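S.K.: Working from the sequences, and respecting the hints, build out all of it.
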Amino acid sequence: MTIVPQSCTSAMFGDLMAELPAGVAVVTVGDGGTPKGLVVTSLTAYTANPPSILVSVAHTSRSYDSLLAASHFGVHVLQVGQDEVAGKFASKDEDKFAGIDWEWDGDVPKVNGSLAYLKCETSKAFHHLDHTVLIGEIGDVDRDEAAEPMLYLRRRFAWRVSG
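UniProt numbering numbers the first residue of the sequence shown as 1 and each following residue consecutively.
Hint data in this document are derived by calculation from the structure and do not stem from the laboratory. Possibly wrong hints are sitting among the right ones.
Distance windows between CB atoms, simulated [said to hold, decoys possible]:
#  : residue 1 : residue 2 : range
1  : L68       : S7        : 31 to 37 Å
2  : E121      : A146      : 24 to 30 Å
3  : K124      : S91       : 27 to 33 Å
4  : A146      : D101      : 15 to 21 Å
5  : G106      : M17       : 31 to 37 Å
6  : D107      : T60       : 37 to 43 Å
7  : M1        : D95       : 20 to 26 Å
8  : S56       : C8        : 15 to 21 Å
9  : A58       : E121      : 21 to 27 Å
10 : A125      : M12       : 24 to 30 Å
11 : D95       : T9        : 31 to 37 Å
Taking lysine-lysine pairs in the BS3-like style, the calculated list, with each CA pair at most 25 Å apart, reads [to be verified]:
#  : residue 1 : residue 2
12 : K110      : K88
13 : K110      : K92
14 : K124      : K110
The structure displayed is predicted, hence computed values, not measured ones. We put the CB at the ideal spot given by N, CA and C, even for glycine.
M.R.: Shown next, in the form of structure tokens:
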């Protein structure tokens, strides 16, 4: 097999990234008493000291301005079986919290039933091209150690790690 070098187009890049399994998380923020949120797969550990997380947010997200203005946000690592939650927060629905089990954790909307919930304090935001990299220092954590993480692969939610 001969590999022919070629320029990477946006479509090719999307196809390549679709082959890379990613965890699925919902990022939430309160905006003047209104809960807002989005689903993300561009999420990773940033540093362990202090524990911090990095998330990439598109400037076109309807939660973008609220996230940049907030001092805190929540990261909810989804577990297998939360397909409805992932779909709801990935949708264009105006009220993404309708029909979702959630509560306020201070100024942050907390989605219940996740594998893990990380309450983060906004530390830095780096704007680059059409996305902003948001760094949050992790404060409070809730975790279900028995849960299995939801994965996103080949443009589909709910892949399983085992079985």
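S.K.: Please go over all the hints and tell whether each is borne out by the structure.
M.R.: Comparing the hints with the structure gives:
1. L68 / S7: 31 to 37 Å: Holds, since L68 and S7 (Cβ atoms, about 33 Å apart) stay within the stated range.
2. E121 / A146: 24 to 30 Å: Check passed, 28 Å falls within 24 to 30 Å.
3. K124 / S91: 27 to 33 Å: Holds, since K124 and S91 (Cβ atoms, about 29 Å apart) stay within the stated range.
4. A146 / D101: 15 to 21 Å: holds, 18 Å
5. G106 / M17: 31 to 37 Å: Roughly 34 Å apart at Cβ, these two residues keep to the hinted range, so it holds.
6. D107 / T60: 37 to 43 Å: violated, 24 Å
7. M1 / D95: 20 to 26 Å: Violated - the Cβ-Cβ distance for M1 and D95, about 50 Å, lies outside 20 to 26 Å.
8. S56 / C8: 15 to 21 Å: The hint (15 to 21 Å, Cβ to Cβ) holds, given that S56 and C8 are roughly 18 Å apart.
9. A58 / E121: 21 to 27 Å: holds, 22 Å
10. A125 / M12: 24 to 30 Å: Once the Cβ atoms are compared, 29 Å apart, the range 24 to 30 Å for M12 and A125 holds.
11. D95 / T9: 31 to 37 Å: holds, 36 Å
12. K110 / K88: At roughly 15 Å apart (the allowed maximum being 25 Å), K88 and K110 satisfy the hint.
13. K110 / K92: holds, 20 Å
14. K124 / K110: holds, 22 Å
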